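**Q** Here's the letter readout for the chains.
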Amino acid sequence: MKNTNEMEIRFDSRSENEGFARVAVASFMTQLNPTVEEVADVKTAVSEAVTNAIIHGYENKVHKICIRCRISENVLTVEVSDSGKGIEDVQQAMQPMFTTMPEQDRSGMGFAFMEAFMDSVEVESEPGKGTRVKMKKTVGKGRELWTTQSL
Amino acid sequence: MKYQVQENCLTIYLPREVDHHNAEEMKREADAVIDRNHIKYVIFDFEKTDFMDSSGIGVIMGRYKTVSLIGGEVWAVHANERIRKIMTLSGVTKIMQIYEEERI
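Residue numbers (this note's numbering), protein chains in the order written: chain A, 1 to 151; chain B, 1 to 104.
Check before you lean on any hint, since a few could be wrong.
What the hints assert, rightly or not - Taking beta-carbon pairs under 7 Å as the criterion, some of the chain B residues facing chain A (in silico):
#1 H21
#2 D53
#3 S54
#4 M61
#5 S90
FYI, nobody ran anything at the bench for these hints, they're computed from the structure.
Please read all numbers here as calculations on a predicted model, not as lab measurements.
Just so it is clear, CB atoms sit at the ideal spot from N, CA and C, and this is done for glycine as well.
Just chain A, same shape as in the assembly (with noise of 0.2 Å):
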């Protein structure tokens, strides 16, 4: 049997909930002794998938976001999903600069940054019925060189 744990969370999709959302998964992947860049990678990734399920998935309105994380040896995935409206076109949403809002000043880097801080991003979009993003890191890549070294 491999090394996993899970967590779950659900909260509504209020703005003041996105700190909440990032330090949770952060605080979860605490047990991956992680970098301070790597935790700093998935709260970045975190922040962005809950901010795009509450302005795009449910226009501001208020309903439930639900996060579940898992870790499997030293992959953590982290999957952000709503029940809003959904994405049309995914390959669209997901090209950098692209944005439904720019009179609001939204930078449409959110997926580019998702996918930048993440080794791996899927997005399952059905208009009508929500979106969940499901994203990979796997933490501590480049430390076994030292850490199973013993004196």
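Dock chain B against chain A, hints included.
**A** Same frame as chain A, now just chain B:
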């Protein structure tokens, strides 16, 4: 949020975390100050900031659009390595100056 206006220059002292939640308030307040004081230069001071996501990039881009119309500029100061990385990755460094302070 803390602001300081000196002639036509506005300094915005950013909070510890810049996300969508506080970006909204920041935009509203900054725009009011820019409008009222005929601001041409906007300085984002990242002294206290250790987290920023793409919402922060949106704030910078939006203020740049406003002041560039009158030939203004946008600056970043006291940005740590993480914030610089976020700014570089987003390409916003093409439109703004990052002030590099001397390392002691």
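**Q** Take the hints in turn and mark each one as holding or not.
**A** Comparing the hints with the structure gives:
With its C-beta approaching chain A no nearer than about 4 Å, H21(B) sits inside the 7 Å limit, and its interface hint holds. Checking D53(B) against chain A by beta carbon gives a least distance of about 4 Å; that is within 7 Å, so the hint holds. The interface hint given for S54(B) is met, as the beta carbon of that residue sits about 4 Å from the closest beta carbon of chain A, less than 7 Å. The interface hint given for M61(B) is met, as the beta carbon of that residue sits about 6 Å from the closest beta carbon of chain A, less than 7 Å.
At a threshold of 7 Å, the smallest CB-CB gap from S90(B) to chain A is about 5 Å, leaving the interface hint in force.
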